[in-house]
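So the protein lines, in turn, are chains A and B. For the first sequence, counting from 1, position 185 maps to 185 in the numbering used here; every step adds exactly one. For the second sequence, counting from 1, position 3 maps to 1003 in the numbering used here; every step adds exactly one.
One thing to keep in mind: the hints can contain errors.
To be verified - Partial list, computed: chain A residues near chain B (C-beta under 10 Å):
1) ALA26
2) LEU34
3) TYR155
4) PHE175
5) LEU177
6) THR204
Just so you know, these hints were derived from the structure itself, not from any lab. All residues carry an ideal CB built from backbone N, CA and C; glycine is no exception.
Residue-level listing of the chains:
Number of protein chains: 2
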Amino acid sequence: MNAEPSPTPPPAALGRARSDRARQVADVLRGQVLAGDLTGVLPPERMLIAEFGVTRNTIREALDLLRADGLVTRRPGIGTVVCGVKYPHGLHRLAGLAEVLREHGTVTNEVRAAGPITAPAQVAAQLRLDRGAEVTYVERLRRLGGEPLSLDLTYLPADVGAPLLERDLAGNDIFALLEEIHGQRLGVAEVGMEAVNADPDSATVLEVPRGAALLRWERLTHFASGRPIDLEYIRFRGDRLTLRARLDRLPA
Amino acid sequence: MNAEPSPTPPPAALGRARSDRARQVADVLRGQVLAGDLTGVLPPERMLIAEFGVTRNTIREALDLLRADGLVTRRPGIGTVVCGVKYPHGLHRLAGLAEVLREHGTVTNEVRAAGPITAPAQVAAQLRLDRGAEVTYVERLRRLGGEPLSLDLTYLPADVGAPLLERDLAGNDIFALLEEIHGQRLGVAEVGMEAVNADPDSATVLEVPRGAALLRWERLTHFASGRPIDLEYIRFRGDRLTLRARLDRLPA
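Please put together the full structure from these sequences, using the hints given.
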């Protein structure tokens, strides 16, 4: 966009393969889309060519990358249009999904299974229960605006979880119900997060293509007292969520 | 493993499809593998059948899920063996990759491109530079123990980034070099994290199958003074990294 001639090479030069330049362009455009700085119709190709200093083919390859991720689509006679909406999920505090996404729509839960089961050894250990203890198992498909967002498998000690079974699990976060029922605040949770490919059955449930990228969480939540009371395995659709964190160089 | 008869149904009962029960079993086993609680050869099928209260076919389907993610492999005459190693990447403070993974091996960087370029408008805006300003671009394939871990595309203001070009980028984190060269500590970084499928070229560079799940970061890092000085787009191999965070219910 700088019209003056300059000795500095254009952004995606440095003599690399077209696929490398396309990735470089796509990353910058993707950042603009995710930040909400690019909405509606993308700038015409000739503007993108001028801005990034690359060929038409490189711009097209970059747009193909965004299209493959479902962020943009091509509308005949209009151009390339932003279509992907990703919701921000902050990692600055522990919150249930309905709380986190309150501004973005209504979270509803389809309860796929709920009831008492015998804890597997690993689950018992994490919840600090005796081997073979009873736990409450709840499996939910969670939707935002009607569309699947995550599949959550939850284990709770029986004394903590059994009262949930009398409540409206379809319309409430488990976190909010736990605090209300037990009159205690939640404390901290340890979370492990990975990117995985959707297995065929999870893909069917979440309504994504087989192999689609998912964010998978394992989260162990404690009451403020320190007692571990909620072990969850969560699969989020990768195309619907962006995690947001603020990292400090110096330990707090 | 509890030998006493009990009215509580076994872990994966509650009358669901086998694929749902297999996912449930796989999630618990996966948690054990990632935590390092399950190493070497997995317990024999009959023990898993007893522990989870499911059929042999369900256990096999669960193990297939772990195998598809590269966490376990079948060794003829031995059984199912843990083979996937995932490195923990804490989100409690801002650090370079070599710092984060110090205990796990040596990080080396293959510099794929490095030099001055004209900043695309979005990059200039994020780094608070004038439109068309010069920035330093560095593209690195980062390896841990020789195997690709991430592909990083980095933009820095020219006054901050140019001195990097004289340094050993192959053997050092950019973060460490920036602090050394400029005699300033880094401050905070804002990070956006997504799960995406690898496009064909990124898959080739990272040596993963096409479509493999990646963790994609966009990270804007500031000097302690508050000046934004490092904008990175990072693709981590999903099969090599688990992010770890501790979330608090109450805001700090």
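Sort out which numbered hints this structure fails and list those numbers smallest first.
The structure breaks only hint 5.
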